[in-house]
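Listed below are the residues making up each chain.
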Amino acid sequence: MLRASLIISACLAWPALGFAQDAATTDELYGLAEARPVAAQNQDRCIAQMAEFPTDDPTARYQFFQLVSDTAYGATDQTRALFDHYGQPAVEPGTPVLSVIEDIANPVLRQAAPEIIVSSMNYLIDFAATCDVYITGQTDSLIAFDPELKNPEFNTVIAEDALFLRQILSESLSRLGADGDAVWANPARQYSRSLVAQRDAVEFAAFETDIAELETLFMDDLDGRLARSNDVINSEMDREVLGDAIQVSDDMTKAAMERARQERLYRFLRIFGGGR
Amino acid sequence: MIKQILVASSVFALSVAVTGCASTAKGVRSSVVTQSVPQEALRSDLPDGGVLAVIRYPAIVESDAKDVYHRAYAKRAIGGQSGKGVTNTIETVAVADAAVVKSNYFALSLYKELAAKLPEHAVLLSPHAIKLGPGGELTSEPMTAAEDLPSVVSIDFATYSFPDSKKMMGGVPLTFGDLVTPLVTVRTDHRASVPTQGLLMASRPLLSRAAAEGRETALETIDALQRGDFDPVVPELDFVSYITNDTPQDVSVQSLATRSDKNAAMVLPVEKVRIPASEMRLLEGASDGTVDPLDDVYTDALSRRIVALINGLDADKAIMMGRAASISDFDPSLAALTFVGSDEDDYAARVAYAERLLDAQRKYLSVQSLRIFDGVHNGELGAQVRDMISAEHDVLEKRRKLARQQNAATIMGIASVAGGIAMGGSAGGTDCRRSRTQAEYNACVRRQQMSGMASSGMVSAGMFAIQEAMAKKRLSQQVGTNFLNSIVPALEQQTTVTVDLLDSNETITAIRYEDLQAKLQDLYSQRQRALDTVATQCAYLEPGGQKRGTWLGVCENGLANGSGAGVLEVGDEVMEYYGYAKNGLADGPGLMIRHAKIGSISYEGSFINGRPDGTVRVSQSGREDKTRNFVSGVDSGASSQEAASPFDGLTGGAGK
Chain Y
1 MLRASLIISA CLAWPALGFA QDAATTDELY GLAEARPVAA QNQDRCIAQM
51 AEFPTDDPTA RYQFFQLVSD TAYGATDQTR ALFDHYGQPA VEPGTPVLSV
101 IEDIANPVLR QAAPEIIVSS MNYLIDFAAT CDVYITGQTD SLIAFDPELK
151 NPEFNTVIAE DALFLRQILS ESLSRLGADG DAVWANPARQ YSRSLVAQRD
201 AVEFAAFETD IAELETLFMD DLDGRLARSN DVINSEMDRE VLGDAIQVSD
251 DMTKAAMERA RQERLYRFLR IFGGGR
Chain S
1 MIKQILVASS VFALSVAVTG CASTAKGVRS SVVTQSVPQE ALRSDLPDGG
51 VLAVIRYPAI VESDAKDVYH RAYAKRAIGG QSGKGVTNTI ETVAVADAAV
101 VKSNYFALSL YKELAAKLPE HAVLLSPHAI KLGPGGELTS EPMTAAEDLP
151 SVVSIDFATY SFPDSKKMMG GVPLTFGDLV TPLVTVRTDH RASVPTQGLL
201 MASRPLLSRA AAEGRETALE TIDALQRGDF DPVVPELDFV SYITNDTPQD
251 VSVQSLATRS DKNAAMVLPV EKVRIPASEM RLLEGASDGT VDPLDDVYTD
301 ALSRRIVALI NGLDADKAIM MGRAASISDF DPSLAALTFV GSDEDDYAAR
351 VAYAERLLDA QRKYLSVQSL RIFDGVHNGE LGAQVRDMIS AEHDVLEKRR
401 KLARQQNAAT IMGIASVAGG IAMGGSAGGT DCRRSRTQAE YNACVRRQQM
451 SGMASSGMVS AGMFAIQEAM AKKRLSQQVG TNFLNSIVPA LEQQTTVTVD
501 LLDSNETITA IRYEDLQAKL QDLYSQRQRA LDTVATQCAY LEPGGQKRGT
551 WLGVCENGLA NGSGAGVLEV GDEVMEYYGY AKNGLADGPG LMIRHAKIGS
601 ISYEGSFING RPDGTVRVSQ SGREDKTRNF VSGVDSGASS QEAASPFDGL
651 TGGAGK
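Going line by line, the protein sequences match chains Y and S. To convert, note that position 203 of the first sequence is 203 in my numbering; the numbers rise steadily by one, no gaps. To convert, note that position 582 of the second sequence is 582 in my numbering; the numbers rise steadily by one, no gaps.
One chain only, chain S, in its complex shape:
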């Protein structure tokens, strides 16, 4: 008996190994993003001189970068190991190209949802071109000027499919038909979230690269400050950073469901979100972009989460460097004063002009984003993508049906073969020689012959079923391969149209934008009077040390003296400071950020002679913010008082 069970289980194992139990690529009907969604409205106004959100996404791959992109995409698979030889197959290329086309389309769903929840002109689109960098490495660059304006948060959005199409029906990530696998990163400027270096939320695979990108961006902006300029650093897309396998960086994390004040980035799992059948039916009959299959199942909830993240940030801190960078383009003597502001009349008058100028630029870029949305989502390209999604859905449904048939055949095969063996074994186990009469012996032999025939028939049926299951699996893969192979020309055309759409937007906008900027600059120059106190560049000092850093702000006798920003390198640490200074040293209300190898820590409160002194709010990774009392830079225990901030009281004025 045991022998028979062992034989049957071996057959079962063999059958499963040969045919596999096919997945029907179900996806999740309810993303974790849609669970316990914060329902809060935006609590702040649109910040002066900036926007609330910019959505970055891969829009095109430049022709000379295609091969490198396809190889990188195949090599750095998310959700499993891609098989051998998938690097440059026509199917892998189709999957990699489709990822860009779909990212283009679905990013607009997020734009639509976020724009509906935020004030007018508060959200910009920033399509990126994936291209080769100066050293031949893969990178991405924005195609428009959207990222020239400071934004409270930036969101990287992409949709993803596993590069090996043979594994499409398994558990791997997929964006095909009614399945969408979004990859998302939400970040702010590192000054508004020092412990996570600006990272607020990220899909798990992108987490460590996004954290590294945040740190690199922070250090690059500090380098720029040391050189005396405010050049904004626009990081490449996190998706590109992931597939090029850039150096990762650790960051404290917490799950989406966690409600804590701990300084940690939120992690999004990689999910195959399934669009409901009702939405797919609407999509198939849609003649324009009014049907958005992703909003109810994902982007509405994600945008609500983003609004909640914005509510939790200090918008002024988030955009202060970007705003100074924008202002420095047309008024360098004002730029560094804007970090903490001033209560002087001449400053207030001048900054009002500068902010109005940035407001004009914001409106202009917002119109551009609206037109990109209109061109892609409501235009022919959107219609084609919707057609493609419908066609993919048909393919996926065929494959699901085949998978179910494959599974049924597998089960039947296992049952039949096992049953046949068991029956045969059971009959064969009877010893007819033990019969007591000839009649008994004859009957026994007849029974054995009949049983042998039945078991042989069941084994044959089982073998047929197993072969049938294998054939269904091959056929299913063939259906997918057929589609991906034949869809390549359409993908190429869609990519071309995307380039045309975005390129024309870029060309028209770039020329007109420069023209607008020049005219705004003229208008600004004509109207300005002198500032009593201007920002310049001078020395910023380490307390008690010999190190000299750079101060951009109010100076006196070659030393920091008034409001501004200072940067300094001390050993392995890089330090930045925003607030008030006296005789080259931090003095007065300020925000000091230390970037050490282990992470970044911020101190916001009172400073005397370059050191924290008085009540100071300390923020570090993985912990809640603490208010401490400092004496000459030494922590002397908890404080019940509120720490001063250089940003909320215009304390002292720029010139003091």
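Chain Y on its own, in the form it takes in the complex:
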């Protein structure tokens, strides 16, 4: 069943996370601005395909929806045609998405039947495109229920898992000879290159998280230290010195004024008294 180690590792990592920053959206994470998949047309089909998703744990449920969304993100008509061509036979309609993901993560299938991997991924991407409205509705509801699900580190882990699945797809296409096919080489290479950019984006998001943590730690520490240092210096400062200096200056000025007044009187008498 649901034993993909990459997914479990993400689940284990979750309780340790404690940052309250907004999660990067998939668009932000990958730095892409392509159109989102079209809204679902078949309600019954989407509900049926989502039926086996975990229901008891909001975290695991969010993780699956987000994983599907991230895995299918940015698929173009050209890449869909590529997957249609190499992913034969196609996965039977109505197959639960969960078992499709298990197939993709199965190492034996990856080696022995890369076309099944491609068809499984194609099915997953088709599900994400068809049922986008429902998937987005589910993730939004889950975030409303538990805002901690927006945690960037947690979402980065999911994005890394999605990237891992996409990497499997890229390798399977390569094994099927898409690279050397004159018709399909270009979209295959484009897909491969997009993985590098996506990997960079995911790694940078992780770096961003690490550096933000370091930044917060150091800036809070510095701010506290400087504030304490300022307080100590302020408390030790002797304001009386200035007050005393001003008082001394005033006293000296008053004395000088008095002397001047007396001199004025003397001068008055001297000048008007004819110098006697």
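Treat the hints as calculated values from the structure; they're not laboratory data. Be careful, since some hints might not be right.
To give an idea of the interface, some chain Y residues facing chain S are shown, with a C-beta separation under 7 Å as derived from the structure [stated by the list, open to error]:
(1) D200
(2) F218
(3) I233
(4) M237
(5) A245
(6) A256
(7) R267
These numbers were taken from a predicted model, which means no experiment stands behind them. The beta-carbon is built from N, C-alpha and C at its ideal position, and this holds for glycine as well.
Please build the complex by placing chain S on the supplied structure of chain Y, with the hints as guidance.
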């Protein structure tokens, strides 16, 4: 009659010469800085890896530099000649020390105003310690790492008082009580304003030294590039450069009111700005730093002007060398590629990490600046300075009153003496012997006796008034001297507190900053993958010549080949180049700067085989920028096309 007028005017001249017509040290109520102020908001974002402004100011004088500082301050007076024997009097020392204390305080007003108009973490404070250099010369050095980060502009701010306190009430510059005389320099990196070598605005006395400092800094950074490093050069404060009488340098200038695109530095006059009485009353009742007496009359307008200057600059050019220097500390193979950038994915990924690292450092130093502001402006030190300004204001008002009394006495003295002489002269001029009867003769003699008594009385009153005026002048000077003499211990304490505040900031920050840098470096190293194209050092060539310079950037077969920066000395000229090169020669879009003895000229546009070739924008001192067409380095006339720039299009990529 003429004789009487001459006598009266001689008395007037004598009286004025003896007592003087006293100035009441009014100052200007409206600085030129506050007239026709540009009201524009910042038009650009905070540049990646840098800040928008750093404010540099004299904060302390190290103890072993004090004597040299006091002597230099007294000797290199602004606004007049200081009298003999003022070099090391207690009053001159007090004035020189107070200049540092006040600079510390008022620089923070500019910080507050500028920070309010720019994005968060965009302004840093850089307090300087005035100290002795290796050769015993006076210099200044930053006390924090604020100037390690590149900044679009740097502002030198100081307040000034004429060193001879006896002339305090005259027309000389003064920062005392409600009067503030700011000295300001605004500069950018010379690459962003080549014709003025980075100087954008300066107070008139500092102008030529600031221009010289700009040129020296430019040449020093080029020297560093020739050695293969990006060591940033932090110039000493222009105020220190002025009082040490460093070699001046000419620069094209224009007044603040001039609206032109001419490449010239703006000149600020030296002004004694007067704080309004209403602000002084608020200051006297203030218990914290919420009252800023200088913002409305000066720093708000100055900061708006600085924002307008920033808007007029190419921020990327202004910080490109500083950013490369910062990046080279932890990624030398990336540093020289950042001058013009690249459109390669691996470069983009790596530079994003580097910029995030610099961003963390910027935030850290910004917190430090905020705490310095808090400690000085809102702390006890700020309270003491405000107390001191209030006390100075009382002293100044006393002296103003005495000056007015002195002037009144002077006028009375002149009028009385002149009137007495005139009256006496007029009476004495009547010849009683011409009387026709004895009665007439007796009446004439009586009139003469009465007139003589009156004139004698008026002369005596005049003499008294003149002596009174002289006494008022002496008393006024005594009031000022008393204050300056008694304030010395308080000044010393304020200096000590400043040292404690800044030193603790520096100590704490330095340790933690190094620690932060080390941790950031670790984080960076762990995350990096290889770059396809790396920057190294190789040869950069003179077109058609034998001269070999240094190229930092992409190299192939020992020659410049790709993006980077090159420096070269040819005869008396030093040349620097940023952009693309091929086979050791400038080739592709580039910025070439020639530093000749007569000044610096920049050429930005297309280059082929080391020479400008195609449309090129030429910038030189005292003229507007021109777009010209070049053929193999020869100007062939005006061009209507836009010149290419190596900085705005990532043309060709670093590896091409």
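Hints violated by the structure (numbers, ascending): none
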